[in-house]
Amino acid sequence: ETGVTQTPRHLVMGMTNKKSLKCEQHLGHNAMYWYKQSAKKPLELMFVYNFKEQTENNSVPSRFSPECPNSSHLFLHLHTLQPEDSALYLCASSPTGLRGNQPQHFGDGTRLSIL
Amino acid sequence: RKEVEQDPGPFNVPEGATVAFNCTYSNSASQSFFWYRQDCRKEPKLLMSVYSSGNEDGRFTAQLNRASQYISLLIRDSKLSDSATYLCVARTGNQFYFGTGTSLTVIP
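So the protein lines, in turn, are chains A and B. Letter 59 of the first sequence, counting from 1, is numbered 107 in my numbering, and no numbers are missing. Letter 69 of the second sequence, counting from 1, is numbered 240 in my numbering, and no numbers are missing.
Pulled out of the complex, with its shape left as it was, chain A reads as follows (with noise of 0.2 Å):
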């Protein structure tokens, strides 16, 4: 069972729809990631938080809006997606300090799909 979890497991949306993503982490972690997916290609970085503070944002359009009210709980709210946004979003989280030198968890993940 992952320690960290994802919901919903699957989501279909149109353009003009606004949803959010959750994420939730119960292994005291500071660090928490969202990763784009799509279909056969490698894992693509997209936000970083580092106790609840954004500390990366790899030029993602602004359609996509994180927040992270604690350390244990991600969000990703969509608005106005576009097709090419169909993927999977996976969450992760880490320990940081002197657990420094640890993996990344992951979520299961959720199916987007845009109609």
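No lab work stands behind these hints: they were computed from the structure. Source: prediction; values computed, not measured. We put the CB at the ideal spot given by N, CA and C, even for glycine. Misleading hints may appear alongside valid ones.
Said to hold, decoys possible - Pair by pair, the computed Cβ-Cβ distance ranges are:
{"#": "1", "chain 1": "B", "residue 1": "N183", "chain 2": "A", "residue 2": "S113", "range": "39 to 47 Å"}
{"#": "2", "chain 1": "A", "residue 1": "H127", "chain 2": "B", "residue 2": "N183", "range": "38 to 46 Å"}
{"#": "3", "chain 1": "B", "residue 1": "N183", "chain 2": "A", "residue 2": "K67", "range": "38 to 46 Å"}
{"#": "4", "chain 1": "B", "residue 1": "D248", "chain 2": "A", "residue 2": "T128", "range": "47 to 55 Å"}
{"#": "5", "chain 1": "A", "residue 1": "H125", "chain 2": "B", "residue 2": "G264", "range": "21 to 29 Å"}
{"#": "6", "chain 1": "A", "residue 1": "V60", "chain 2": "B", "residue 2": "A200", "range": "24 to 32 Å"}
{"#": "7", "chain 1": "B", "residue 1": "A200", "chain 2": "A", "residue 2": "T64", "range": "39 to 47 Å"}
{"#": "8", "chain 1": "A", "residue 1": "K70", "chain 2": "B", "residue 2": "S252", "range": "40 to 48 Å"}
{"#": "9", "chain 1": "B", "residue 1": "E176", "chain 2": "A", "residue 2": "H121", "range": "33 to 41 Å"}
{"#": "10", "chain 1": "A", "residue 1": "K67", "chain 2": "B", "residue 2": "T276", "range": "13 to 21 Å"}
{"#": "11", "chain 1": "A", "residue 1": "R159", "chain 2": "B", "residue 2": "Y241", "range": "29 to 37 Å"}
{"#": "12", "chain 1": "A", "residue 1": "H58", "chain 2": "B", "residue 2": "G225", "range": "36 to 44 Å"}
{"#": "13", "chain 1": "A", "residue 1": "H127", "chain 2": "B", "residue 2": "G187", "range": "50 to 58 Å"}
{"#": "14", "chain 1": "A", "residue 1": "T128", "chain 2": "B", "residue 2": "G180", "range": "32 to 40 Å"}
Chain B: place on chain A using the hints.
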């Protein structure tokens, strides 16, 4: 130049074969390294961390050469269930740099 580079394959090997994957990283400040396994349409899962002295977990052996900035994964006695994409990862601070993955198919 990419932070982490690995041969994308594909590697198609018969059951029982030994297969090795290699990976190089560009940032000498990277402090820790990992191999992940990703099945089709699933999330990456940690296979093993890679330690400087080399480490083994059953049929899997990982090696790190900091001088050459090189990481390897050896799989012995391949099983059908080993078919997946294997991702090499270097951690630098709080950033994780993933290779593009090496595809392995184990053939009956």
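We went through each hint and held it up to the structure:
1. B/N183 / A/S113: 39 to 47 Å: 43 Å, holds
2. A/H127 / B/N183: 38 to 46 Å: Distance hint for A/H127, B/N183 holds at roughly 43 Å.
3. B/N183 / A/K67: 38 to 46 Å: For B/N183 and A/K67 the Cβ distance comes to about 40 Å; the hint holds.
4. B/D248 / A/T128: 47 to 55 Å: About 51 Å separates the Cβ atoms of B/D248 and A/T128, which means 47 to 55 Å holds.
5. A/H125 / B/G264: 21 to 29 Å: Given range 21 to 29 Å: holds, Cβ gap about 27 Å.
6. A/V60 / B/A200: 24 to 32 Å: With a Cβ separation near 42 Å, A/V60 and B/A200 fall outside 24 to 32 Å, so the hint is violated.
7. B/A200 / A/T64: 39 to 47 Å: 45 Å, holds
8. A/K70 / B/S252: 40 to 48 Å: Distance hint for A/K70, B/S252 is violated at roughly 32 Å.
9. B/E176 / A/H121: 33 to 41 Å: 34 Å, holds
10. A/K67 / B/T276: 13 to 21 Å: With a Cβ separation near 36 Å, A/K67 and B/T276 fall outside 13 to 21 Å, so the hint is violated.
11. A/R159 / B/Y241: 29 to 37 Å: 35 Å, holds
12. A/H58 / B/G225: 36 to 44 Å: Holds, at about 41 Å.
13. A/H127 / B/G187: 50 to 58 Å: Taking Cβ atoms as reference, A/H127 and B/G187 lie about 52 Å apart, which means the hint holds.
14. A/T128 / B/G180: 32 to 40 Å: Because 38 Å falls inside the window, the suggested range holds.
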